[in-house]
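Colleague: FYI, UniProt numbering numbers position 69 of the sequence shown as 69, with every residue one higher than the one before it.
Everything labelled a hint here was simulated from the structure, so no lab data went into it. Glycine included, C-beta positions come from ideal geometry on N, C-alpha and C. Don't take every hint at face value.
What the hints assert, rightly or not - Taking lysine-lysine and the DSSO-like style, the derived pairs with C-alpha atoms no more than 30 Å apart in a straight line are:
id	residue 1	residue 2
1	K56	K82
2	K55	K65
3	K55	K82
4	K82	K65
5	K24	K13
Said to hold, decoys possible - Ranges of calculated distance between the beta carbons of each label pair, as one might list FRET restraints:
id	residue 1	residue 2	range
6	L48	E8	55 to 61 Å
7	E27	E64	53 to 59 Å
8	E57	E28	41 to 47 Å
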Amino acid sequence: MELEEELEELDEKFEGELKELEEKEEEEEESELEEEELELEEELEEELEEFDDLKKEFEEELEEKELEEEELEEELEEEETKLEEELEEELEEEELEKLKELK
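Using the sequences provided together with the hints, build the complete structure.
Modeller: Structure, rendered in structure tokens:
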């Protein structure tokens with residue numbers, strides 16, 4: 001009987017220790033998972049910051065290009081106007097010459 005009681009006590013003790021070990025193992029796994037999660041969150045934040053920086057840079061470049069395009073369009077319009085005026089002057093001169101010749 002005594003042996004049986006001792007065996008039961010040892011069995012209970014063993015089960016208790018086993019349970020403790022399992023709980024510690026679970027806690028360690030949870031802790032590792034939490035650390036990994038934090039690391040991943042930090043990486044994600046860094047990547048988001050990089051993305052934001054690139055986005056800002058792209059937007060600035062786009063704005064510059066749009067301004068350049070506007071300037072070029074203005075220059076083109078000015079050049080067109082100038083050419084039209086020159087052409088008109090030439091046509092007027094030619095008409096005047098023809099009129100003079102006709103007289």
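Colleague: For every hint, state whether the structure bears it out.
Modeller: Cross-check of the supplied hints:
1. Using a Cα cut-off of 30 Å, the hinted pair K56 and K82 is violated, with the two alpha carbons roughly 39 Å apart.
2. At most 30 Å may separate the alpha-carbon atoms for a hinted pair to count; K55 and K65 meet this at roughly 15 Å.
3. Under the criterion of a C-alpha separation no larger than 30 Å, the hint pairing K55 with K82 is inconsistent with the structure, at around 40 Å.
4. With a CA separation close to 25 Å, the supplied pair K82 and K65 stays within the 30 Å bound.
5. For the hint linking K24 to K13, the alpha-carbon distance of about 16 Å falls within 30 Å, and the restraint holds.
6. For the pair L48 and E8, the beta carbons lie near 59 Å from each other, so the given range of 55 to 61 Å is met.
7. Between E27 and E64, the C-beta spacing of about 55 Å keeps the proposed range 53 to 59 Å intact.
8. Restraint check, E57 to E28: a C-beta distance of roughly 43 Å satisfies the suggested window 41 to 47 Å.
Checked against the numbered hints given earlier, the structure breaks hints 1, 3 and satisfies all the rest.
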